[in-house]
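Engineer: These are the residues of each chain, in order.
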Amino acid sequence: MLSKRIIPCLDVKDGRTVKGVHFVGLRDVGDAVELGSRYAAEGADELVYLDISATHEGRHTFTQLVERIARAINIPFTVGGGISTMDDAERLLGAGADKVSINSAALARPAFISELAERFGSQFVVVAIDAKTTPDGTWRCTTHGGRRLTDVELFSWAHEAQERGAGEILFTSMDHDGTLAGYPCDTYATLSERLSIPIIASGGAGTIDHIADVLTRGHADAALIASLFHDGVLTIPALKQELHTRNITVRI
Amino acid sequence: MIAIIDYNTGNIRSVINALARMGATDCMLTADADVIRRASHVLLPGVGEAGTAMNELRSRRLDTLIPTLTQPVLGICIGTQLMCLSSEEGDTTCMGIFPTRIVRFNDDAIKVPHMGWNTITQLRSPLFAGTDEESYVYYVHSYYPELCGCTIARTEYGVPFSGALMRDNFFGTQFHPEKSGPVGEQILRNFLAL
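The listed protein sequences derive, respectively, from chains W and C.
Every letter in the first sequence is one number past the one before it in this note's numbering, and letter 121, counting from 1, is 121.
Every letter in the second sequence is one number past the one before it in this note's numbering, and letter 20, counting from 1, is 272.
Just chain W, with the same shape it has in the complex:
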């Protein structure tokens, strides 16, 4: 049976990871390759590396880092952060990334999704969507880390992304991100019902219950997890074991 995926997310700035200090015995806590290898060895199903560098030099360093990650890591990994041109995507896929995650650039120019899918295949294209609820009760997409609200409605955008060739949707609720209070499971369930591509849940988990909930009631195919792992609140083996005892299919 296809397993639910547990995906640690690592933020990288100027070629260095900015979180993830809980591992005992890491030689270099900022080394994205060593940290990623550690998560892979613990049973991560995939990895996501997000480049949060703001400078050209930072991006160049990130590409070199992606080459090192690709050489070292034996599970799939996605890269994201500031990808807005075919050249960006080509550079990162050429460096060995398995998938790219795009967000603001896709909202700004939806044809970017189609171009990436046609050129590299849908399996390379993850469309990340950050959305929040508005007073009229609808979900609207945001850009720039949730700071800018757009008029674009979540479900129609997710559907368009799929039709344009996205291979997966990574949905983060900006109302829940960072709250540790759980995910909007009904919204995930609706997304999952309306789309035929996999959905990755992100942002909001504070406990194993929350993660179990979004993978069952929310019908999410995967959970992207950052601070719970980085801060050592949860470990991948403990999380997977607990999900397994709740009859959720995970790779152990």
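Each hint should be verified, as a subset may be incorrect.
Here are the computed distance ranges between Cβ atoms for each label pair [said to hold, decoys possible]:
(1) C:R406 x W:E118: 30 to 40 Å
(2) C:Q374 x W:D151: 16 to 26 Å
(3) W:H60 x C:T320: 42 to 52 Å
(4) C:T277 x W:L149: 49 to 59 Å
(5) W:R119 x C:N358: 22 to 32 Å
(6) W:I248 x C:A361: 23 to 33 Å
(7) W:T55 x C:A361: 39 to 49 Å
I should point out that these hints are in silico values taken from the structure, not numbers from a laboratory.
Note that the coordinates shown come from a computational prediction; the quantities given were computed from them, not determined experimentally.
Here a beta-carbon is modelled for each residue, glycine too, at the ideal position from N, C-alpha and C.
Please build the complex by placing chain C on the supplied structure of chain W, with the hints as guidance.
Structural biologist: Below, chain C alone, put in the same frame as chain W:
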């Protein structure tokens, strides 16, 4: 020397990286018939669209070379599909090494592509020496090889299909051993030991 067939398909880098992690550095990315014939092992990786990939093979006359090879040959993902009879994707005639067809997942109850980690069962082949039944491997695909007499691993996703195939010196995995953690490394190691 391990020949990795170069036919303008994606993801070859990850196969080379995986071989390098195992210490197999004597690899050559090539479309040269003489080099391919002389290799101890041949890999046919690939991702993408079957029709396009088959055309890339044909334009290099590799579609007639590959079926005549006598050393161990391993297809991965699209590479494996091109070794079957035909593919529904682009209504493509393939090389016909494995007597089975490639068809699309056609079930509203499942998500397509089949993406992620799934189990392989009913393993039979030296390719799976030391590999446990129900081991997880990584899949990304929308079309699958049907079961046939050459099936050496089964996976279920809505339907049971061939996770891997073998005929004589020819092997093929629909999953990606190069992305399947230690299980995948063992499978690649087994192939290189043939």
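Engineer: Against this structure, judge whether each hint is valid.
Structural biologist: Status of each hint after checking the structure:
no. : hint                        : in the structure
1   : C:R406 x W:E118: 30 to 40 Å : holds, 33 Å
2   : C:Q374 x W:D151: 16 to 26 Å : violated, 53 Å
3   : W:H60 x C:T320: 42 to 52 Å  : holds, 46 Å
4   : C:T277 x W:L149: 49 to 59 Å : holds, 52 Å
5   : W:R119 x C:N358: 22 to 32 Å : holds, 26 Å
6   : W:I248 x C:A361: 23 to 33 Å : violated, 18 Å
7   : W:T55 x C:A361: 39 to 49 Å  : holds, 47 Å
Violation of the numbered hints given earlier is confined to hints 2 and 6; the remaining hints are satisfied by the structure.
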